[in-house]
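FYI, the numbering for the first sequence is 1 to 650, going by the UniProt record's numbering.
Hints may be right or wrong, so weigh each one.
[To be verified] Listed next, the in silico EDC-like pairs over lysine to aspartate or glutamate satisfying Cα-Cα at most 16 Å (straight line):
1. K436 with D366
2. K380 with E417
3. K411 with E340
4. K41 with E56
5. K57 with D16
6. K130 with E166
7. K433 with D396
8. K415 with D348
9. K355 with E412
10. K431 with E333
11. K355 with E340
12. K387 with D62
13. K433 with D348
14. K183 with D255
15. K393 with E417
16. K355 with D384
17. K387 with E56
18. K148 with D35
19. K387 with E417
20. K307 with E76
21. K59 with E281
22. K382 with E54
23. K148 with E166
[To be verified] Here are the simulated distance ranges between beta carbons:
24. G49 with G137: 13 to 23 Å
25. E332 with F158: 37 to 47 Å
26. T217 with E98: 22 to 32 Å
Since the hints were derived computationally from the structure, they do not count as laboratory data.
Note that beta-carbon positions come from the ideal geometry of N, C-alpha and C, so glycine has one too.
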Amino acid sequence: MPLKDSRPPSSTPDTDSLVRRLAGPSTTKAGLAKDQTEINKIIAEASKGSKFYENEKRKDKDLTERIEKILKHRDEVVKGVDLAKVEQGVDKLITQLEAHRDLSQVIVHVDMDAFFASVELLDNPDLASKPFGVGHGVLSTASYEARKFGVRSGMPTFIARKLCPELIVISSHFHRYGEMSEKVMAIFRRYDPNMAAAGCDEGYLNITSYCEEHSLTPEECVSQMREIVHQETKLTVSAGIAPNKNKPNGQFKLDFEPEAIKAFMHDLSIRKVPGVGRVHERLLDSIGIKTCGDIFAQRAVLSLMDKEFGLMFLLQAYLGIASNVIEPWQREERKSIGAERTFNPISDTVKIHAKLEEVAAELSGDMTAGGWTGKTITLKYKLDTYKVFTRAKSLDKWVSTRQQDLFALGKELLKPELPLTLRLIGLRVTKLKDLKAEAESKASGIKRFFNSGPADGSPAKKRRTEEVSAGEDDLPQLSQDGFATSMPGYTDEADADAEHLADMEEQSGVNDMKPASNIGAAARPPSSSASQRACTAKPSSSASGPTSPRKKRISSSTNDERGTSSDASAPLLECPICGKLLETDNQGLNEHIDFCLSKQAIKEAQTASLKPPSHSGSSSDAKKRGPKFAPPKAAAKGHGEGLLKFRKKG
DNA sequence: GCGGATCAC
DNA sequence: TATGGTGATCCGC
Numbered sequence: 001m002p003l004k005d006s007r008p009p010s011s012t013p014d015t016d017s018l019v020r021r022l023a024g025p026s027t028t029k030a031g032l033a034k035d036q037t038e039i040n041k042i043i044a045e046a047s048k049g050s051k052f053y054e055n056e057k058r059k060d061k062d063l064t065e066r067i068e069k070i071l072k073h074r075d076e077v078v079k080g081v082d083l084a085k086v087e088q089g090v091d092k093l094i095t096q097l098e099a100h101r102d103l104s105q106v107i108v109h110v111d112m113d114a115f116f117a118s119v120e121l122l123d124n125p126d127l128a129s130k131p132f133g134v135g136h137g138v139l140s141t142a143s144y145e146a147r148k149f150g151v152r153s154g155m156p157t158f159i160a161r162k163l164c165p166e167l168i169v170i171s172s173h174f175h176r177y178g179e180m181s182e183k184v185m186a187i188f189r190r191y192d193p194n195m196a197a198a199g200c201d202e203g204y205l206n207i208t209s210y211c212e213e214h215s216l217t218p219e220e221c222v223s224q225m226r227e228i229v230h231q232e233t234k235l236t237v238s239a240g241i242a243p244n245k246n247k248p249n250g251q252f253k254l255d256f257e258p259e260a261i262k263a264f265m266h267d268l269s270i271r272k273v274p275g276v277g278r279v280h281e282r283l284l285d286s287i288g289i290k291t292c293g294d295i296f297a298q299r300a301v302l303s304l305m306d307k308e309f310g311l312m313f314l315l316q317a318y319l320g321i322a323s324n325v326i327e328p329w330q331r332e333e334r335k336s337i338g339a340e341r342t343f344n345p346i347s348d349t350v351k352i353h354a355k356l357e358e359v360a361a362e363l364s365g366d367m368t369a370g371g372w373t374g375k376t377i378t379l380k381y382k383l384d385t386y387k388v389f390t391r392a393k394s395l396d397k398w399v400s401t402r403q404q405d406l407f408a409l410g411k412e413l414l415k416p417e418l419p420l421t422l423r424l425i426g427l428r429v430t431k432l433k434d435l436k437a438e439a440e441s442k443a444s445g446i447k448r449f450f451n452s453g454p455a456d457g458s459p460a461k462k463r464r465t466e467e468v469s470a471g472e473d474d475l476p477q478l479s480q481d482g483f484a485t486s487m488p489g490y491t492d493e494a495d496a497d498a499e500h501l502a503d504m505e506e507q508s509g510v511n512d513m514k515p516a517s518n519i520g521a522a523a524r525p526p527s528s529s530a531s532q533r534a535c536t537a538k539p540s541s542s543a544s545g546p547t548s549p550r551k552k553r554i555s556s557s558t559n560d561e562r563g564t565s566s567d568a569s570a571p572l573l574e575c576p577i578c579g580k581l582l583e584t585d586n587q588g589l590n591e592h593i594d595f596c597l598s599k600q601a602i603k604e605a606q607t608a609s610l611k612p613p614s615h616s617g618s619s620s621d622a623k624k625r626g627p628k629f630a631p632p633k634a635a636a637k638g639h640g641e642g643l644l645k646f647r648k649k650g
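All chains, please: the whole structure from these sequences, using the hints.
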């Protein structure tokens, strides 16, 4: 496209939102320091004119238009409505949520500091105090020194060098990260055998039992744990007891008091709430919400526009309430398996097929090693313009795991799309079937079933049980030779630090980042992610105790049938959302609430307890169209590890 | 069931 | 020169 752009670079100044967008998703936020705007400008300048830049510009424009529509819709919806009355309804909901806050569990969010960079430092002390990054075309992490220049994970190296000319770029050593990750996770498991790993450098622990049994305060317990990690691995880890986390090498505990929690949330950027990314941040900003505290002031609008904003989700953020159930990720939870690869743009169909074949080979290997098959196959491709498309097909039978068959299916899906100029191609299989479980159950009468013991719903108790039966041997993978080429997720605390360090590098203890995750007794369910999957070498096994300890976790997702589980025993509690009486303990109730916060449930709760005057909208709302905005209700649970695998290079 | 979006890591 | 990979969820149709 020899298209010329006739305008001088300066004639069309980038909008603020575009400049920020170009800075990358990992710019967690926080009022950008002065430096940050300067840095963003440099990044935007370096990107200017590229296809990537044009694509970001397009997305930014789309979002801007979407926001305009939302505001218009808001003005319409608010018209003639008694907002005070709507607020009263929301206040009732808040009261109910508050009444069921569970502060009984001590949840810790642990996060290794600049993980990849720290491991590299162990192996090469010469790097100490030097600005360096790890990665190939894109950095997966940056040392603290490099972050001072604005270098972040996820940043292309050519831009990183513009920000920091002396930057040292070294390649990744995933095998090492995997080894170290295992060591650290093993230490965490001493404190909570049921911990949930979130990527290879993060995790959530419920230390309630450990503290009791060892007569330790949460702070003592976590200090000790961090010290042991340091002694045994020379790596530092930050931890947040309750809500936030601090780093580097910091530790923070929030008082387990509703008021303290709300005060903490009040000034916390909405962007730090798990589930709120760059897009939702802008949408919320458009109606005056920048911090969790702002949610309260806008509750009437949020209630009237629940569909767009997700009222219950935001109220929980405002209150600092979230799930406090920590469980290791389980194999049954897997929903898809796939592979994709980026390359320099290709138009030649023969060459595109060659790439597709490589991807098919990789997927085949992963499916075979993991013991998976499925019923639906999805082709994904990204044009050289960065626009992404998917094409799927569901079969009558299980997808073959053979490379040639996957390749053939991929070609079939791709055919009607050609000709194309692509920069990425991928394949994914969903509607999975677990071949290992099947083989196992056939072989022996495995009893992987829940002995549903309702009474022991408390995580604390579960913890004790621990039955780790280790079965699993899977192991696999092994990379042959390998060199890991794929970028394993960035992670490493991705972001934030850069900006914070810029203005607060000194004070090591305070800088929270991320999330408001485990507020109070609520920990953010570690989300899924396989992020640094490539890093752990032998994953599975150790990881979670395979045998599913049972317990079927509640999915919190949309419409599952509402638990009719009326087990016996336990007191009766009323769910604030659905009003249902449950025979369970507080913990069980919390789980139910998570689960209950589905679209349907929210709707019921609102009409039942809110009842906005005019806007009762019956059902006509449906057509209201409009941009959608519904953050994950309860956040997914995290996996963490079972899927780490080793990638090889091709 | 499909495709686009958004998000986490 | 040049901007990742894996997996999940939600929504509209």
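Each hint tested on the structure:
1. K436 with D366: Holds: K436 and D366 sit about 13 Å apart, inside 16 Å.
2. K380 with E417: Since the Cα atoms of K380 and E417 sit roughly 11 Å apart, the hinted pair holds (cutoff 16 Å).
3. K411 with E340: Holds. K411 to E340 sits at ~14 Å (cutoff 16 Å).
4. K41 with E56: Holds, at roughly 15 Å.
5. K57 with D16: At roughly 11 Å apart (the allowed maximum being 16 Å), D16 and K57 satisfy the hint.
6. K130 with E166: Judged against 16 Å, a Cα distance of about 9 Å means the pair holds.
7. K433 with D396: The given pair, whose Cα atoms are some 13 Å apart, holds under the 16 Å limit.
8. K415 with D348: holds (13 Å)
9. K355 with E412: holds (15 Å)
10. K431 with E333: holds (11 Å)
11. K355 with E340: holds (9 Å)
12. K387 with D62: Roughly 13 Å between the alpha carbons, so the hint for K387 and D62 holds.
13. K433 with D348: Cα-Cα ~35 Å, so violated.
14. K183 with D255: violated (30 Å)
15. K393 with E417: Answer holds: K393 to E417 is near 14 Å, not above 16 Å.
16. K355 with D384: holds (15 Å)
17. K387 with E56: Given that 16 Å is the threshold and the Cα spacing comes to 10 Å, the pair holds.
18. K148 with D35: holds (10 Å)
19. K387 with E417: holds (14 Å)
20. K307 with E76: holds (15 Å)
21. K59 with E281: Roughly 15 Å between the alpha carbons, so the hint for K59 and E281 holds.
22. K382 with E54: OK: K382 and E54 at ~14 Å, within 16 Å.
23. K148 with E166: The given pair, whose Cα atoms are some 12 Å apart, holds under the 16 Å limit.
24. G49 with G137: 13 to 23 Å: Once the Cβ atoms are compared, 19 Å apart, the range 13 to 23 Å for G137 and G49 holds.
25. E332 with F158: 37 to 47 Å: With Cβ atoms ~43 Å apart, the hint holds.
26. T217 with E98: 22 to 32 Å: holds (26 Å)
The earlier numbered hints that this structure contradicts are 13 and 14.
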